[in-house]
Structure formats: structure tokens, C-alpha cells
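Since chain A is already given, all that's left is putting chain B on it; use the hints.
If you're matching them up, the sequences are chains A and B in order. The first sequence lines up with residues 1 to 287 when you count with UniProt numbering. The second sequence lines up with residues 1 to 257 when you count with UniProt numbering.
Worth flagging that the hints you see were computed from the coordinates, not collected in a lab. We put the beta carbon where it would ideally sit given N, CA and C, even for glycine. Possibly wrong hints are sitting among the right ones.
[Stated by the list, open to error] Quick look at which bits of chain A chain B covers, simulated, 3 or more residues with Cβ under 8 Å: (1) 186 to 199; (2) 245 to 257.
[As the list claims (entries may be wrong)] Label-pair distances were calculated between CB atoms; the ranges are: (3) B:67 / A:263: 46 to 54 Å; (4) A:63 / B:107: 22 to 30 Å; (5) A:268 / B:99: 27 to 35 Å; (6) B:168 / A:210: 19 to 27 Å; (7) A:171 / B:114: 46 to 54 Å; (8) B:35 / A:39: 43 to 51 Å; (9) B:114 / A:39: 27 to 35 Å; (10) B:255 / A:137: 51 to 59 Å; (11) A:63 / B:182: 46 to 54 Å; (12) B:88 / A:39: 26 to 34 Å; (13) B:224 / A:95: 36 to 44 Å; (14) A:11 / B:114: 33 to 41 Å; (15) A:8 / B:36: 53 to 61 Å; (16) A:98 / B:88: 53 to 61 Å.
What follows is each chain in one-letter form.
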Amino acid sequence: MVGLSLGEKHFIQGGIAQDIRSDGRKRLTYRPINVETGVIPQANGSARIRMGATDVISTVKAELGKPISLQPDKGKVSIYVDCSPTAAPMFEGRGGEELSTELSVALQRSLLGGKSGAGAGIDLSSLVVVEGKICWDLYIDCLVVCSDGNLLDALGAAIKAALSNTGIPRVQVAAGASGDEQPEVDISDEEFLQFDTSDIPVIVTLTKVGRHYIVDATTEEESQMSSAISISVNRKGHICGLTKRGGAGLDPSIVLDMISVAKHVSEQLMNKLDSEIAAAEAGEDES
Amino acid sequence: MAGKPGTTPTTYSPSPTNQKIRRPIFNENEVDWVRPDGRGFHQCRPAFFRTGAVNAASGSAYAEFGNTKVIVSVFGPRESKKAMMYSDIGRLNCSVSYTTFATPARGQGSEHKDFSSMLHKSLEGAIILETFPKTTVDVFALVLESGGSDLPVVISCASLALADAGILMHDLVASVSLSCLGKNLVIDPILEEESYQDGGLLITCMPSRYEVTQLTVTGEWSTPKINEGMQLCLDACSKLAKIMRSCLKEATSTSQE
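Pulled out of the complex, with its shape left as it was, chain A reads as follows (with noise of 0.2 Å):
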């Protein structure tokens, strides 16, 4: 929890009232984004992002698996999200197991769709290798190392690099295997494919504090919300998962305009972290 005293909390509010929060910014304003992309050597695709304090880190790995029966023609993702302790002490414990469930549901529910895989950002059919027996299984891990604030775009953000960081090994099937049985693979450790990047959606969170809403939130903004609403928005400008948080509740007028100024914030969003993404994979292949 943060500790905040009387004064430093109507300081906050009254910032955010008058557009001018207590870092300089204004309400719709992000922190500066760093990206840095191939961090993990190890894993297939990863990248860092740091906004002010909050730093995170995604990786994702590809391993070959089989579709599940009821939809032979997908592969599989799983994301999960790991909040360690060393990153604040409320994160020991039942604490950073509730936050990893709750960052984890948000992310799954903005990143992989309804239930038919409709609208998902990650496309499930181009995981497949050979319809029915063979298919790549997508591990997106995160891991929140410092956190202050807004920890839902960071890794919606970082998800999205790490990705379009990835490479997954080209697959030879060996001809002649029939029926039932499991074809032989051959895994290309030269080639591999990239990943299309572009529907992958960004999220927004839109802190309510008093009256009015604030992108990018810092701990201390976020002690004073009554409520924040997270929505993703790709690039075609639909809306692909909304989550509420806290408790309080909202008109549906309200949520309605919040929806509309997340579009709107999404497109420079997405525009700058596209660009810094570009800007971190050009500084990997150089160095």
C-alpha cells in the first residue's frame, strides 16, 4: 500500500483536475517508452519495456505440440504473467498471486479472443504445421520487475515487441507418415519465420480519479482511483477485451466516453511504440 498523507493526496487529485499531473504531464500524456527487444537470449523472442519506474519483461517461447481435437486448424498460446516479490513486498504471498491471475486473465481475454479464436490479435491458424497432428504452442511469460503503476499497458506493450521479436524455426514434415500415426519433423535451426505484428492490439487503462481519467498511472495516481477500465484497441480501431477494476461503480455514459477516449489514445500509442519497436530492432541487428 501506498502511504500518503492528506496534503499529498489532494496535491495529486488537484493536479490531475487542472490537467497537470505531479511528474508534468498532462492527463492523456504518456511516460516516456523504452524498448529494448532480444533481451533473452534464450528464449525465442523477448523484450523489455520501461515506462518511468514500471519495467517489465516478456518472453516467448515456441514448442511443437498437438492441436486440441476441438479445433484441429489452431495452435495454442498460454500467457502468463509472474509478479516476483523483489519487485515490491506486497507481491510476496497471496498478494502477487492475485495480481499474477488478475494480469494474466486481462491479458488472455485482450490478446486471444472469444472462445471460436474470433478476433484474436495473436492468428492461431498460422501456428499450425500439419493440420490435426502438429502445431506450435506459444509461452508468453512475463515478469514484473519494478513496478510503478500501470502494469496491464506495459505488458500489453511488451507482449506485442517480444512477438514481433520472435522467431519460430521452420519446420520440414517428413513425407510418408499416413493414418494416425505422429509425422516426423525436422526443425530448420537457420531458418525462421517472422511474425505478422500488425492486429496485435494495444491496451489502454483509464484511470477515473475524481471526475476525470488518466492514461499511465503511477502508484500513487493509482491509490487515489475509484475505478480504472483497461480496453484494447487494435489498429483497425475495434475494441478486443475490456476489464474494470475497482469497485466502484460507473455510468454507463461514462464507460461509453471512456471507450471513445481510448480509441483515441490508442492510435498514438500504438503509432509510438510501432516505431520504438522498429527504432530497438534496428539497435539489435547493428550491434
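Relative to chain A, chain B alone:
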């Protein structure tokens, strides 16, 4: 199964004003199908509530929506565990679990953490926690049979159990979910529809205050569609709350007799 006829409507489908919007949706896509249980797209399953299902609890409720059957008991307010820090407002502790026989494939029967936290977030805004400082209210929900829309039924049933326990709330909490199948919105989906859905929307709200306490959306949605879905759900929620309220009234009037 259903409540006494004539007293209250047992269904909480949105009002006919929405049916005007509904017709063009059907024609334009030529994808009209009959839902597995023969309902219309915007027709909800009959809702049945009964309070006082468990004697040992301070309040409890049983809900049955089609094949979805849940039981919720509320214990407390009782003393918080010794290890807990002092708190000048009350604590709410929620737990949702499934029986091993609730799902088609035999389940684990363990606590459903995601649903538990969703239930907590839906209810905490409605309960006036200031009225029972230093104490904890435990809400235990058990899904006896999973027939689709489990979480909304659990939430509605839990708020009824809280009311039965006499815990002060701003309003009853009603919850309705909706599935997006192709271009159609299907309200109160059953298990089969949920497993094929392209997207889902869940609203929990306090109908008298007209406030949304919890909202989740999955899948890809355009803004007008979210609008339409929210309106449908809010309308259904306010009708569901009427059924819940009449169930409470019925329970108190029979106990007085």
C-alpha cells in the same frame, strides 16, 4: 421449478423496444437459427430464486437458470482472522467453486480463482463496508451444475444471499452476459453457445442506481455493437433485479405469516 405464476414475471428478457432493432439484424445476415433450447436471441432463460437455502448460514440463496444451478451462502459479519491488520471498513471474502460433477468432464472441484476475484469486484462496490468495521463477510458460492452463464448467475445469487443475510447494500447487484455469434448477439448463453462464441460481454450493475460495477468484454467488437450489447444487458439486468426483489419480498411475507 418456476415461481408461482401471476405474482411476478419469471423471465427478464429485455423489453420489446429492442425487438424493433432485432429484426433487421436477422434479415440482413440471413443467419437465423434456432437456439438449442428454442429461445429467441434476445430471450433469457426463466430465472428462479429462493432465499434461505442453507440453515447454518446468516444468509443464503439458491438460483436456477435453465440448467445452471448455484447455491451461495453468506457467513458473517464475523471477526477477521487474527493475522489481519486493523481495518476501519469491513472485509469481503469471496470464493467460487465448482462441484466435481458440475461440468460435462469431471472437474477438480477446486476454487475458481478468476471467478472469485470477479465476484469480489462486482460486489464490493455495492456493499456498504463501513457498516461492519474490523469484521469479515464470507461469500461462498458453489456451482452445482454448469449450464452456461455461470458467473452472472453466481453474482446475482450472491447479492440476493447478502440481502438475505441483512448486510447493508446500496442496491441489489444483477448480472447478465451475452455472446456474440457471427453477427448476432445472443443473450444469456448456454454452455454450448459459450464454447462457440466469437466474443462475450458481461455486465454487473446496480439497476436502481444505474451504475455498472463490473464489465468485461472478450473478442473483437465495434463501438456500436458494444453499445447495443450494453443496452441489452442493462435492460435485462433491471428486469432481473425486479425478480430478485420480489423473491425477497415473498420470503419476508411468508416468514411473517
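For each hint, the structure was consulted:
Counting residues of the region 186 to 199 of chain A whose C-beta lies closer than 8 Å to any C-beta of chain B gives 0; at least three are required, and the coverage claim is violated. Requiring three or more residues with a Cβ within less than 8 Å of a Cβ of chain B, the coverage given for the region 245 to 257 of chain A holds, as 10 such residues are present. One distance hint, 46 to 54 Å for the beta-carbon pair residue 67 of chain B and residue 263 of chain A, is violated here, with the actual separation near 38 Å. A hinted range of 22 to 30 Å holds for the C-beta pair residue 63 of chain A and residue 107 of chain B, which are about 26 Å apart.
For the pair residue 268 of chain A and residue 99 of chain B, the beta carbons lie near 49 Å from each other, so the given range of 27 to 35 Å is not met. Remark: the range hint 19 to 27 Å for residue 168 of chain B to residue 210 of chain A is upheld by a beta-carbon distance near 26 Å. Between residue 171 of chain A and residue 114 of chain B the C-beta distance comes to about 34 Å, which lies outside the given range of 46 to 54 Å. At roughly 49 Å, the beta carbons of residue 35 of chain B and residue 39 of chain A sit within the given window of 43 to 51 Å.
For residue 114 of chain B paired with residue 39 of chain A, a C-beta distance near 30 Å keeps the hint of 27 to 35 Å intact. Range check, residue 255 of chain B to residue 137 of chain A: Cβ separation about 56 Å, and the 51 to 59 Å hint holds. Checked against the given bound of 46 to 54 Å, the beta carbons of residue 63 of chain A and residue 182 of chain B, roughly 33 Å apart, lie outside it. Take residue 88 of chain B and residue 39 of chain A: their Cβ atoms lie about 44 Å apart, and the range 26 to 34 Å is violated.
The hint said 36 to 44 Å for the Cβ distance between residue 224 of chain B and residue 95 of chain A, and at roughly 40 Å that hint holds. Between residue 11 of chain A and residue 114 of chain B, the C-beta spacing of about 36 Å keeps the proposed range 33 to 41 Å intact. For residue 8 of chain A paired with residue 36 of chain B, a C-beta distance near 56 Å keeps the hint of 53 to 61 Å intact. At roughly 22 Å, the beta-carbon separation of residue 98 of chain A and residue 88 of chain B lies outside the given 53 to 61 Å, and the hint is violated.
Checked against the numbered hints listed earlier, the structure breaks hints 1, 3, 5, 7, 11, 12 and 16; every other hint is satisfied.
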